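J.: Guided by the hints, dock chain B onto chain A, whose structure is given.
2 protein chains.
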Amino acid sequence: MKFLIRLIPLFSFTFLCSATWSQDASVTIAEQLGYPRDAKLLIIHADDAGVSHAENIATIAAMEDGIVNSASIMVPCPWFPEIAAYASQHSEKDFGLHLTITSEWKNYKWPSASSKNEVKSLINPNGYFYPLVDSVVVNSNARDVEKEINAQIEKALKYGIDVTHLDAHMGAVMSTPEFLEAYIKKGREYRVPVLLTNDLPALEELKTRIQLTSKDIIVDHLYQASPETFKGGMEAFYEDLLNNLEPGLSCFLIHLAFENEEMKAVTIDHPDWGARWRQEDYDFFTSQKSRDLLEKNNIVLVTWREIRDKIVRAQ
Amino acid sequence: MKFLIRLIPLFSFTFLCSATWSQDASVTIAEQLGYPRDAKLLIIHADDAGVSHAENIATIAAMEDGIVNSASIMVPCPWFPEIAAYASQHSEKDFGLHLTITSEWKNYKWPSASSKNEVKSLINPNGYFYPLVDSVVVNSNARDVEKEINAQIEKALKYGIDVTHLDAHMGAVMSTPEFLEAYIKKGREYRVPVLLTNDLPALEELKTRIQLTSKDIIVDHLYQASPETFKGGMEAFYEDLLNNLEPGLSCFLIHLAFENEEMKAVTIDHPDWGARWRQEDYDFFTSQKSRDLLEKNNIVLVTWREIRDKIVRAQ
Numbered sequence: 001m002k003f004l005i006r007l008i009p010l011f012s013f014t015f016l017c018s019a020t021w022s023q024d025a026s027v028t029i030a031e032q033l034g035y036p037r038d039a040k041l042l043i044i045h046a047d048d049a050g051v052s053h054a055e056n057i058a059t060i061a062a063m064e065d066g067i068v069n070s071a072s073i074m075v076p077c078p079w080f081p082e083i084a085a086y087a088s089q090h091s092e093k094d095f096g097l098h099l100t101i102t103s104e105w106k107n108y109k110w111p112s113a114s115s116k117n118e119v120k121s122l123i124n125p126n127g128y129f130y131p132l133v134d135s136v137v138v139n140s141n142a143r144d145v146e147k148e149i150n151a152q153i154e155k156a157l158k159y160g161i162d163v164t165h166l167d168a169h170m171g172a173v174m175s176t177p178e179f180l181e182a183y184i185k186k187g188r189e190y191r192v193p194v195l196l197t198n199d200l201p202a203l204e205e206l207k208t209r210i211q212l213t214s215k216d217i218i219v220d221h222l223y224q225a226s227p228e229t230f231k232g233g234m235e236a237f238y239e240d241l242l243n244n245l246e247p248g249l250s251c252f253l254i255h256l257a258f259e260n261e262e263m264k265a266v267t268i269d270h271p272d273w274g275a276r277w278r279q280e281d282y283d284f285f286t287s288q289k290s291r292d293l294l295e296k297n298n299i300v301l302v303t304w305r306e307i308r309d310k311i312v313r314a315q
Numbered sequence: 001m002k003f004l005i006r007l008i009p010l011f012s013f014t015f016l017c018s019a020t021w022s023q024d025a026s027v028t029i030a031e032q033l034g035y036p037r038d039a040k041l042l043i044i045h046a047d048d049a050g051v052s053h054a055e056n057i058a059t060i061a062a063m064e065d066g067i068v069n070s071a072s073i074m075v076p077c078p079w080f081p082e083i084a085a086y087a088s089q090h091s092e093k094d095f096g097l098h099l100t101i102t103s104e105w106k107n108y109k110w111p112s113a114s115s116k117n118e119v120k121s122l123i124n125p126n127g128y129f130y131p132l133v134d135s136v137v138v139n140s141n142a143r144d145v146e147k148e149i150n151a152q153i154e155k156a157l158k159y160g161i162d163v164t165h166l167d168a169h170m171g172a173v174m175s176t177p178e179f180l181e182a183y184i185k186k187g188r189e190y191r192v193p194v195l196l197t198n199d200l201p202a203l204e205e206l207k208t209r210i211q212l213t214s215k216d217i218i219v220d221h222l223y224q225a226s227p228e229t230f231k232g233g234m235e236a237f238y239e240d241l242l243n244n245l246e247p248g249l250s251c252f253l254i255h256l257a258f259e260n261e262e263m264k265a266v267t268i269d270h271p272d273w274g275a276r277w278r279q280e281d282y283d284f285f286t287s288q289k290s291r292d293l294l295e296k297n298n299i300v301l302v303t304w305r306e307i308r309d310k311i312v313r314a315q
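Line by line, the protein sequences are chains A and B.
For the first sequence, counting from 1, position 9 maps to 9 in the UniProt record's numbering; every step adds exactly one.
For the second sequence, counting from 1, position 171 maps to 171 in the UniProt record's numbering; every step adds exactly one.
Same shape as in the complex, but just chain A (with noise of 0.2 Å):
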C-alpha cells in the first residue's frame, strides 16, 4: 500500500483501519451479505450531496453513468430539496443521510435544520453552524446534536427519501464520545446503519459504557483522499486502492461535483476538498479504466441498503 490516510480532523475522520472486525467474529458482514468470507466488497460513496447544484448534478451522473453506488446528503443545505426529489423519485439509489452541524464555506452559509433557538449550542454568532469541528466540540452538546439529527432524519423521510444509512459530515457528530453515542442512538432508532469503524477515536471510550452489538456495522477499511494524495493525484491514489483492496468491508468516501463557478465559489480559499478535486473524483469514477479495475480485482459492490434489510433490519 503505498498510500497512507491520516486523521484530517477538519473535514473528515478518515483513518486506514487494516484488521477485519466484527462483533462476532464468527459471522463476517460479507457472510451476513452471502458472500465469502473473503469477499472484496466495496461501497463507493459519495459524500455531499445537496450542498450546492454543482454537487448534486454531478453526484447523479456519476450514480447513473459511474461506478458510484451510494450517496449521502446534507439535509440543512439550500440544494436539499433538488437531490431529495431525485432520491425520491429513485428508490432504487442508496442514499443515506450526511449529519451535518457545521457550515464550513467562507461565503455560503447555511443554519440547522432545527429552529435555531432550540439547538443554540450548535449556532454561531451569525445564524449559521459553526464551520469548524472544534468549534461545535467546544460550544455544543449533545442533546442539541441529538435533537438536530433527529430533525434531519424527519425532514428526509418527509421528503419521501429512503434513508439506507447515516453518516457524519466533517466526523462531526463523531467528534466525542456523547454525540458519537446520539448518533449510534438515532441510527438504531431508524433501524439504518450508520458508518462506524473501529479506529474511531470516540469509539474506544464510548464501548466502555455501551455494548454494540452485531446491527452496530464497522466498517473493515475506510478510505478517502488527503490534501497528499490530491497533490499526488487522485487516479494514481484510487488505482492503488483497488488493485491493493483487503478482503472484507470497505468504503470509498469521495466527494463529486463539476468545476465550475458555483462550485469555485463555494470553495474558495479552500483548494483542499475543493472544486478541481472533486472533478478529479468524478473524472475518475466515471471512468472506464475505474470500471476495469473494479472487474480485474474481483470486486464487489455492496450498498448500504443491503446492508441495512440485510443485517440491520433482519429479524
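Rather than coming from a laboratory, the hints here were simulated on the basis of the structure.
As the structure is a computational prediction, the values presented were derived from the model and not from experiment.
Put simply, identical chains are the same to the list, so a pair is met inside one copy or across any two.
Each computed BS3-like pair below joins lysine-lysine, with the alpha-carbon atoms no more than 27 Å apart:
(1) Lys-158 - Lys-106
(2) Lys-158 - Lys-120
(3) Lys-120 - Lys-147
(4) Lys-106 - Lys-93
(5) Lys-185 - Lys-93
(6) Lys-215 - Lys-40
(7) Lys-155 - Lys-120
(8) Lys-106 - Lys-155
(9) Lys-310 - Lys-158
T.: Just chain B, lined up with the frame of chain A:
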C-alpha cells in the same frame, strides 16, 4: 409610452404611477436633494443580491462597470455572506435590504433569519418560507413579519452593511396594510427610506390609520420589466423608458445575474425572472448604449443614500 407595466403579484409589486407625488407639494424630492423641480432623477436598482453566486457577481460587476447605482440584499439567502462582505468593504456603494419572507424557487430554498419557531406563521411545513405571496398573506401575521424584518436589519448591520434603504422582495412585506405598516415602522425606526409608491394598494388603506410625513419617501415612477416586455426584448423596453422618462424621482427595479448553470438551476421551470432575463438586464445596464441614453436624456442618477442622508436623516 409604448410599454405599460402591470401589477404582477407573484414576483413584483410593480406598477406605473404617472402623477408626481409629495407629502408637501411645495417641495419635491428633487428639490430636497438640491436638483431643479423638473429634473429627471433615476435610481437604477438591482434586486435580489445574495440569492445566488451568479446574482452576486453580476450585480457587483454591473455596479462597478455599468450604470447600476443601487442594489438590495436578501439577508436570509445562502449567498448573503458573499455580498455582505463586498458591501461592507465598499461603503461607497449603495446597498439596502431586499426584505425577504418568501422562498420561491423550486429546488433551492432558505428559511427565515429569525429562529423558525419565533416566526412560525412565516414558515411552511418543510421548514422554509412559503413560495408565494398569496400563501404568506393567508398564513402569516404582522407580528412575525415585523420580527423577521427586524432580524434581517440587525443581521445586515452586524455584517457591517451601511443599509441605505429597505424594499420588498416580491412585494411580500407590502402585501397587506398590516405588513406594510410594520415595514414603514421599521424604516422610521432605523431612519432609512423604504421604497413606496403612491399606487400601492395596501397604502391606500393604511393611510386611513397612519399619517405619512415628508420623510416617508414616495417614488414618483417605478418600473420593472414584465413577462410581456421580456418577450418583446429588454433592450427596447429600457430604451423606451429612458427616452420617455418623466421629471421626478424614478426607480428601475432590475435583476442581474449571469445565465450560467447555477442560475439556470435556481430559476428552473420559471423563465420569467429567470437566468436569461437576468443576463439581458445585465447586458443592457453594462452597455455603452445605456450610458449614452442617460446622457442624451439628461437623466441624473441618484442613490438611496442621498435620499436617506439629505431627507430622511436631515435635521
